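Participant: The lines below spell out each chain.
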Amino acid sequence: MSTPDTNLSSADTRVAEGPPMSAAAQRSTVQTITMLIRREFWEHRALWMAPLVIAVLLVACAFVVHIGPNAQRFWSDDSNRLALFGLTQWGLTVPQYLVMAIVLSFYLLDCMYVERKDRSILFWKSMPVSDAATVASKLLTALVVVPLGVYLLTVVTNLLFSVILITRGSLGGAPGLSAWDTVVWLKAEALVLYGVIVSAFWYAPMAAYLVLVSAWARRSVFLWATLPPLFAIIVERLAFGTRYVTGLIEYRTWGIWKAINLGHSMEHTMTHGDHHIPSLAGVFDTLHVSGPFLNIDLWLGLAVAAGFAFAAARIRRYRDDT
Amino acid sequence: MTAVIEARGLKKSYGSTTAVDSVSFAIQPGRIVGLIGPNGAGKTTLFKAILGLTQFDGELRVLGRDPRSERNELMQDVCFIADVAVLPRWLRVSQALDFVGGVHPRFDRSRATDFLAKTDIKMSSRVRELSKGMITQLHLALILAIDARLLVLDEPTLGLDLLFRRQFYDTLLNDYFDKQRTIVLTTHQVEEIENLLTDVIFINRGHVVLDSAVDSLPERYIQLTVTAEHAAQARQLRPFYEREVFGRVAMFFEGRAAAELGAATNGLGEMRTPSVADLFVAKMQRGVV
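Respectively, the protein sequence lines represent chains A and B.
Residue numbering for the first sequence follows this note's numbering, starting at 1 and increasing by one per position.
Residue numbering for the second sequence follows this note's numbering, starting at 1001 and increasing by one per position.
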């Protein structure tokens, strides 16, 4: 090992200005957050693997699903066929979004905890990335990127499913199955996309709560996420005999349907014997697009979400236990 | 000259324990500074303060910025490797390059790939598949490709074998260091790095015990090795620490005592400038007594 030249002249004062950096070399916030989101998909592979697995399973279902004589008789009615077609488009997305909700819940609980568990947090913090950008990247991943990705995947899955089913119907001598209506299809897809967009707003406080627990808990994130609400419910019941917390949680979980006002739209249903089939096209036609956004609860929830996210960023910034 | 790091009355307590107690020092650009102290001396706390990872009292400027409030801006110009800053095991080498390139404006990807090409590390490997030495090489490759002004290294070679350690410091010196940059590092293997240091800061129990350029150590410290029969006579010159080695006594003198001794050139024994490692032991042992 050689000894470095230690003869420093006063000319070295220019060092304080540092090496020049062109404006083009600066990283914008958008670039940084895009990189951070990519990082999330590297680390949490379930985010993209789970939807792909479900999609493959659904497409496989199209090959094996039973086409019986009852179905053919029922589908001989044109309006029923279209309603069912629309409903199928929607129903096929249900498993995707159910699995997505579970995967995202665990992801959010893990996302700020695992970097402390595997002690990589100081590596991430050695980069010029703010804690706010880090928290934002996690929330954007869970509320925007994954739901939109899953949505695009369901569009493709549904198309494949329909093509396979229609082909099977034609080949198997059941041409009545060849129900395809582009307008109904577009309306059904638009309705699901609308749901995805409203969900991003509606579920933001829940997502931000999980991120906060993930940033704060030193261990057992799952318990820390579930026990406080449970504790609050029990204490409230014992102390006041009320169910306010329960109601709040239920409202945040299912209230989105009320906010979109689907209950009202569900009246537009097709009936055939004992079957009641909501017509998605009908739901779409009577939808008040601005409805949920005029709901003060949606904005209150967003404000709470912003508070949780801010707290999570502060904890990551100032916690000192590494 | 504008100091890269300037601390005045820097203080940090954890509950009733004072980790760093009113420490003041300045580190100039273009230096390689060894921050040396026993376990629990406050080195890591000091580093965390410099890197904006902890709150503290007192004044601290790093590259002219306050690490408490300007951490994000500061991290554009500061890099650090700490034994506690671990690369995540799931990360692929190629992803590590993508990531740092994506968030760091001063990252030069080709420098990192050139460095990695000289190692056995494959682009497609995950960190979990690499040995400890290779992980440190990867981390070093990432850091050396960043055109930063201050590099902070906290026990960067902990747990590595001698070959990797030697290679680490050689790379640091030959491929990275120049007068535009400043390196501050800690290690317990003082002997291995004392040749590359330009400055040393000894810290013990939250206090700075010694802050000196290595060049000026000979003016301040003398080690006199005498035979047992001359020991009593030499002791009258007031050494601050002495140690018996193979029947001879090594005595350490500082300040005025050292200057007088140097002028006296008496034939008591063998005189030389103590090594940084010996000086460290002498300073720390005295602190205990």
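Hints in this document: simulated from the structure, not taken from any laboratory.
Note that the structure is a prediction, hence the values are computed from the model and not measured.
By construction, the Cβ of each residue, glycine as well, lies at the ideal position given by its N, Cα and C atoms.
Among these hints, one or two may not hold up.
As the list claims (entries may be wrong) - Restraint-style ranges between C-beta atoms, simulated for each label pair:
#1 A:Val30 x B:Gln1285: 52 to 58 Å
#2 A:Leu230 x B:Gln1055: 30 to 36 Å
#3 B:His1188 x A:Pro229: 45 to 51 Å
#4 A:Ala46 x B:Arg1109: 47 to 53 Å
#5 A:Val56 x B:Gly1159: 40 to 46 Å
#6 A:Ala311 x B:Ser1124: 20 to 26 Å
#7 B:Arg1126 x A:Ser105: 25 to 31 Å
Participant: A separate judgement is required for each hint: does it hold in the structure or not?
Facilitator: Checked hints:
Separated by about 57 Å at the C-beta atoms, Val30 (chain A) and Gln1285 (chain B) satisfy the suggested range of 52 to 58 Å. Between Leu230 (chain A) and Gln1055 (chain B) the beta carbon distance is about 34 Å. The supplied range of 30 to 36 Å therefore holds. One distance hint, 45 to 51 Å for the beta-carbon pair His1188 (chain B) and Pro229 (chain A), holds here, with the actual separation near 48 Å. A hinted range of 47 to 53 Å for the beta carbons of Ala46 (chain A) and Arg1109 (chain B) is inconsistent with their spacing of about 29 Å.
Between Val56 (chain A) and Gly1159 (chain B) the Cβ separation comes to about 44 Å, which falls inside the hinted range of 40 to 46 Å. A hinted range of 20 to 26 Å for the beta carbons of Ala311 (chain A) and Ser1124 (chain B) is inconsistent with their spacing of about 39 Å. Separation of Arg1126 (chain B) from Ser105 (chain A) is about 26 Å and conforms to the stated range, judged on CB atoms against 25 to 31 Å.
Hint compliance for this structure: hints 4 and 6 are not met, and every other hint is.
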